[in-house]
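**Student:** Given chain A, put chains B and C in place with the hints provided.
Chains as they are written, first to last, in my numbering: chain A, 1 to 319; chain B, 320 to 647; chain C, 648 to 1231.
Hints in this document: simulated from the structure, not taken from any laboratory.
Where hints are given, some of them may not hold.
As the list claims (entries may be wrong) - Distance windows between CB atoms, simulated:
hint: 1; chain 1: A; residue 1: Pro-284; chain 2: C; residue 2: Lys-1183; range: 46 to 52 Å
hint: 2; chain 1: C; residue 1: Lys-1107; chain 2: A; residue 2: Leu-180; range: 22 to 28 Å
hint: 3; chain 1: A; residue 1: Trp-30; chain 2: C; residue 2: Thr-1090; range: 44 to 50 Å
hint: 4; chain 1: A; residue 1: Gly-217; chain 2: B; residue 2: Leu-329; range: 39 to 45 Å
hint: 5; chain 1: B; residue 1: Pro-430; chain 2: A; residue 2: Ser-151; range: 34 to 40 Å
hint: 6; chain 1: A; residue 1: Leu-180; chain 2: B; residue 2: Leu-574; range: 36 to 42 Å
C-beta: ideal position from N, C-alpha, C; glycine also.
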Amino acid sequence: MSTTTEPVAAPVAAAGPAKAAGRGPWRLVWDQLWARGSARFGLITVALLLLLTALAGPLSALGGWSPEEFDKRAVDPYLGGLPIGDFGGVGTRHWLGVEPATGRDLFARVLHGGQVSLLIAFTATAVVVVTGTLTGIAAGYFGGRTDAVLSRLMDLTMSFPSLIFMISMMSVAKDVNRILLMTLVIGLFGWPGIARVVRGQTLSLKHREYVEAAKVGGARSWRILTREILPNVSGPVIAYMTLLVPGMIATEAALSYLGVGVRPPTPSWGQMIAESISFYETDPTYFLIPTGFLFLAVLAFTLLGDALRDILDPRGGRS
Amino acid sequence: MILYLGRRLLGAAGILLAICAITFTIFYLLPADPAVAACGKTCSPERVAEVKVAMGLDKPVWEQFATYVTGIFAGRDYGSGPSATHCGFPCLGYSYEYSLPVWDLLTDRLPVSVSLAIGAAVLWLLLGLGAGVTSALRKGGVTDKTLMVLSVGAASLPVYFTSIMLIWGVVRTAGLLPYPAYHNFTDNPVEWASNLLLPWVALALLYAAMYARQSRNSMIEAMAEPYIRTARAKGLPAGTVAVKHGLRAGMTPILTIFGMDLGGLLAGAVITESIFGLPGVGRLFYDALVRSDQPVILGVTLLAAAFIVAANLLVDLLYAYVDPRVRY
Amino acid sequence: MTRRTHAALAAALAATLTLGLGACKNDKSDSGGDSAAAGRTQAPGAASGTIVGGTPVKGGTLTVLSNQDFAHLDPARNWTMPNMDFGIRLLYRTLVTFKAEPGAAGSEIVPDLATDLGRSSDGGKTWTFTLKDGVKYEDGTPIKAADVKYNVERSFAADLTGGPDYAQQYLAGGENYKGPLNGEHLASIETPDDRTVVFHLKRPVAEFSYTATLPTFAPVPQSQDKGTQYDLRPFSSGPYKIETYDRGKQLVLVRNTNWDQSTDTVRKAYPDKIVVVQGLKGGQVDDRIIASEGADASAVEWANLRPESIPKVLPKPDVKSRLIAEQQGCTDMLYPNTSKAPFDDPKVREALTYAVDRDAQVTAYGGPAMADVATSYLPPALTGGTKQDTLKIAPTGDPEKAKQLLKEAGKTDLKVSLTVSSGDKTRAEALQQSLAKVGIQVTITTADPSVYYDTVGDTKNAPDLAILGWCPDYPSGATFLPMVFDGRTIKEKGNQGNVEQFRDQATSDRIDQINAMSDVGEANKAWLQLGDDLLKKAPTVPMLWQRRPLLAGTNVAGAFGHPVWTGQWDFATIGLKDPAKSQG
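Only chain A is shown next, with the shape it has when bound in the complex (with noise of 0.2 Å):
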């Protein structure tokens, strides 16, 4: 899943609405979901986040700013680079303000650095479903060996300190794609979790009549897993994923703010928090823009996903 412009479809857009026979039940899941208050602000504040990301250069550039251009004009350098005006600078020339000392305009740093935060929670998010549900199904379906060693890698991977980890890893790893890098260190310590849930469901579902029917009929194991299985733990699968993305994103905060993360002049949300987090007495606005954006989306998809669970899962999902 990238940043979509597709607001609406976005934690949807997986499972294929456009699949004829499944029109009816994610019909459904949209009514319910819609008929939720809580769902309904999570939604719209998921739909406006991605839209305004996803234009990050056209809206800035009518903003007249780039994320890297300086503006001397607007910060004092004597008072150690203070941007000049209330609320950090706040008015018509930038309209969220600017970063002391170089002038960047922030409406236009914010909107960028939420694209390559949100790029990277939706790709890593997408990494820990893939590996999770092939990895959950393999180990459920097929048992026995596969499932011991496949166990095992789960136990092996969950004791990890994967923030201790995720941080020597960044550290490590210098000329490569930060972005990349980070979007896979986040996705190799997320998997385990949704492993569990999708090898527990198939496990269960593996001695279902159908299932077994759909095996004495004689069809071939990966028939079964794609028409039988597959289609049955997605509900659970994409309540788990939505409920993922929090995560994630505050995970890539945390990278970033403690300086493993993006490479500058590169921003992001936790990039952005690290840098401001001093000046929260003398530029409070400048702290509380990436800060606010960060709190509003990761409420945003945990409303979202909170209401996906309860209505495509009501019990399990939670091990």
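**Tutor:** Just chains B and C now, with coordinates in the frame of chain A:
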């Protein structure tokens, strides 16, 4: 039971060894050469080579790894002649930066991180479970809704924000508490607690919010179980049912999560320690990282993994105690 | 001293994760005058030579609030600024030391353990020092000449890393010596009796008296040596001894009752106790000292005032009066890679000199309160306190002239790489902007401070441009120009001084000639001239002379920045106004 315990312990040791090997390999690939870094500014290549030998970095990676692992159990000697030092069990190596055994550094910093983790855990369990159970018992009511809105909000607040607002509000503006600094519990418990209060609250808020949501859900699920309905039908007071049956059944999933969370935190909350400037293991880790102090990085990673593995083990054993359905 | 910049940066990063401050130009940057007009000041945060708080009274507890630990306190290993200041002023005495005075007077040397500045013979190749009578260690045993010899020998040991290597460069027979830990001793240091130590050098060193100010020349008795462990508890010969040292957390110093004031003309030792609290957050340290409540009133900060705290200090006269901002005495430069195109062409390098907007660099570093525009290689401390400016380029640069030079060189549309330490990120971005104006496109790579020197010091893979600084070890061109511009010092890997890989026979020859001069004054003049001549060949571009802005609490007195130790508080004279208040 003994057999099960033995098997689990063996598994835990295997996991730790694997983590150790992976961490070691990764840091062997680190581009920074600790010998060059330690040597000083106008250091000649010959001297770098000497320093390398002195630090034991001239050997192949597998040999260094083997020395490291045996050193953990058997201890090892560093240097030669009068400057030789013995590093006893459990020897995790010598810090390049501090010239101290890594184990000493860890045990020195551990009280800070453990104080932080335990205090926060108590706080978040009280707050989170309290709110979760209250919510579950008043499902759908105003209290439930208010608590859940609050907890979703609190869970979404970035820890940077809560921490800074606490410092700003309580320390800077109101002047009620000092800037957090670590004081030994044994020296002065009051000072210990008042200094750690803000970090506890900052950390606990985040977890409490998550636990409130989790415990509410599992309580509601548990309360819907047939045996609970039976108990109620028998006319037992609602409170007794909730506490005796609902709580016990509802808390088992929480226990797993709690084990992992606490295990992960004991070896240092990197961000919280960094924001509040507490000299815990997380801070030690971060400083070591910036200075490429590999033995310390490795030591902290292993310690953290050991805590997680131990916490998981403990939780599994507790399960057997709490939930009679669990068999070996 | 590049290592200082490195370590300080690493520590600053560890504590705060960001040093970034942006780049903007302004019409004036470096001017004297201390005119503060309603929150706006055009001058450094405080003039050079400022003393905070008048004369101190004996007694009380001085607190030092720090965001970091000392790199090393072992005198054989202590070579990072400003840790050298702390060790030398409080824990150990060296043969010779610097006066405890602000401004230019602080660069003058006086005998410390020795009775004089050392007597040279053999044309400057042999140096003899005599120890004072009655100098003692913390346990009351007398300090012997053999102990001075022993610590100099320790600086050769491979285990004891990080220390000054002047002894290895200068002493005869030092090439194959491996230190005293295996019982071997160096023949070129003689101790005919307990009070006399004689050094035999490879070549004449006119300013060996200055060399003898380094912690290498502090005494360590062999009986107290614990190898690498000595770092944790150096045996005191100074006015204080270590009571407890919990690395990264707290260091407590108490009076060394065996130190005799009458033998020491430099150290005043006002406080009874000095507590260094380590590992604090930089911003919190600033806030605590600004507020100066309770014990914080008797505290000074160890690390620089954070740029974001400037708006809390400069507009408030009562806080601003407690600020010092001494010149660090280092020169921060842009290092082009002169070993390959395009910067192998002196014309292109000259263009670079004109293209750089140094004013923008000042702002990016934190504004005029924290740095001045550099106009020569040798910082003012090495040029008799006056600023050299032979090229007279405007602080904002001269893009037209730069473009013209590039045209003459036949190079347009250049694309170059720049690698900076992650703390210098904003400065790199400012540089990117000013070079874009003359048609040089810059791609920025940042490296962790821990690997920065490895990256730019690898001659084969070095980037086209790098930002580094060099600090002299003592006020002499001999500790600056040869390290940075002598082609013979280039090493394939771990290259730290001559990072620009400048190989120029004329320069190397001239360095040898000046090194051979026996008259210190004449040599200094020659270094000055060489610095100016080099500027025309443009091996590097001087950018900043950084300052060290530091705040003191309201109860602190006698506090000033020492010019030699990069503007850090001179711990020899610092004390309190009212010792009774320090116990709060």
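**Student:** Determine for every hint whether it applies to the structure shown.
**Tutor:** Status of each hint after checking the structure:
| no. | hint | result |
| --- | --- | --- |
| 1 | A:Pro-284 with C:Lys-1183: 46 to 52 Å | holds (49 Å) |
| 2 | C:Lys-1107 with A:Leu-180: 22 to 28 Å | holds (27 Å) |
| 3 | A:Trp-30 with C:Thr-1090: 44 to 50 Å | holds (47 Å) |
| 4 | A:Gly-217 with B:Leu-329: 39 to 45 Å | holds (44 Å) |
| 5 | B:Pro-430 with A:Ser-151: 34 to 40 Å | holds (36 Å) |
| 6 | A:Leu-180 with B:Leu-574: 36 to 42 Å | holds (37 Å) |
Taken one by one, the earlier hints all hold for this structure without exception.
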